[in-house]
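Colleague: Sequence:
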Amino acid sequence: MPPSALGVAVVCMINMNRSMQAHSILQKKGFSVCSFGARSPVRLPGPTRCRPHPMRCDFSTRYVHMCDDLSRKDLECYRGNGILHILERKERIKPHPERFQECSDSFEVIFTCEERVYDQVVQELCAREQVTFRAVHVVDMDIEDTLEEATFRAFLICELCQSFQQADDMEDSGSAAVGSRGENRKEHSSHGLLLLTVMAGFGPLLIKNLCVGFRIRLYFL
1 MPPSALGVAV VCMINMNRSM QAHSILQKKG FSVCSFGARS PVRLPGPTRC RPHPMRCDFS
61 TRYVHMCDDL SRKDLECYRG NGILHILERK ERIKPHPERF QECSDSFEVI FTCEERVYDQ
121 VVQELCAREQ VTFRAVHVVD MDIEDTLEEA TFRAFLICEL CQSFQQADDM EDSGSAAVGS
181 RGENRKEHSS HGLLLLTVMA GFGPLLIKNL CVGFRIRLYF L
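Numbering follows the UniProt record's numbering, with no gaps: position 137 of the sequence shown is 137.
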C-alpha cells in the first residue's frame, strides 16, 4: 500500500489530549491523519482531575480562545498544571477541536482511545449510509488521559500505522499487525486492544476471535 493511501483518524472524548498527541506524531511521520472528539460539548480540564472547569465549548471554539479564557480565570494555575501548554501546542496542529460524528471523510484506520469512544464511533459508522463499500479498521486502545500516557501510546499507534502502511492487504494484515505488537508488548495487554473491521452494506454478521490476549472483532454491515 503506498504511503499516501493510508488515511488515519484518531478519536478520543474531546479532541484535546490523547487524539491530538497521536495526531501530532503521525503528522510528523508523514501520515494523512485527522483527530476528533466524540462527546459534545467540549469540557475543559479544571485545576485538578476532581475539579473540572465549568466552561463548556462547542467544537468550533478555537484552542486560542480556550487558552485566553483559562488565562483570565487563573493563569498561574493553568500554566502550572500544563493545560495552557497543551492548548498552545494543539493550536499549532489545527485551529479547533473536531467532532467525529460531524465528519463525512473516509479513513482506512480509525483509532479510539477508550471503550466508550469506540462504542460511539462504531455506532456512528453503522448508522451511516454506505457509499464506498470500503472497509475501515477500527482499533481501540485504552489510554489514560494524561500527557505522559497519551504521548507513550501515540508512538504505539504510529507503530501500528507503519505496519498497516507496509502491508499489501490490510484485510489480511490487520490482526497480524495488532498481534505482533501485542507479543512484543505483553505488559500492555491488560489495557486491552480491540480491532474492528467495518464494511457497511452487507447485513449484521459478527465473527469473534481471541488473539494474543486482545479481542479482535470483525463486522460486515
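Rather than coming from a laboratory, the hints here were simulated on the basis of the structure. Predicted model, so just to flag it, every value in this text is computed and none were measured. Check before you lean on any hint, since a few could be wrong.
Said to hold, decoys possible - Calculated pairs, DSS-like style, for lysine-lysine (alpha carbon to alpha carbon, straight line, at most 30 Å): (1) 73 x 28; (2) 94 x 73; (3) 29 x 94.
Colleague: Against the earlier hints, flag every one the structure doesn't satisfy and list their numbers going up.
Modeller: 1
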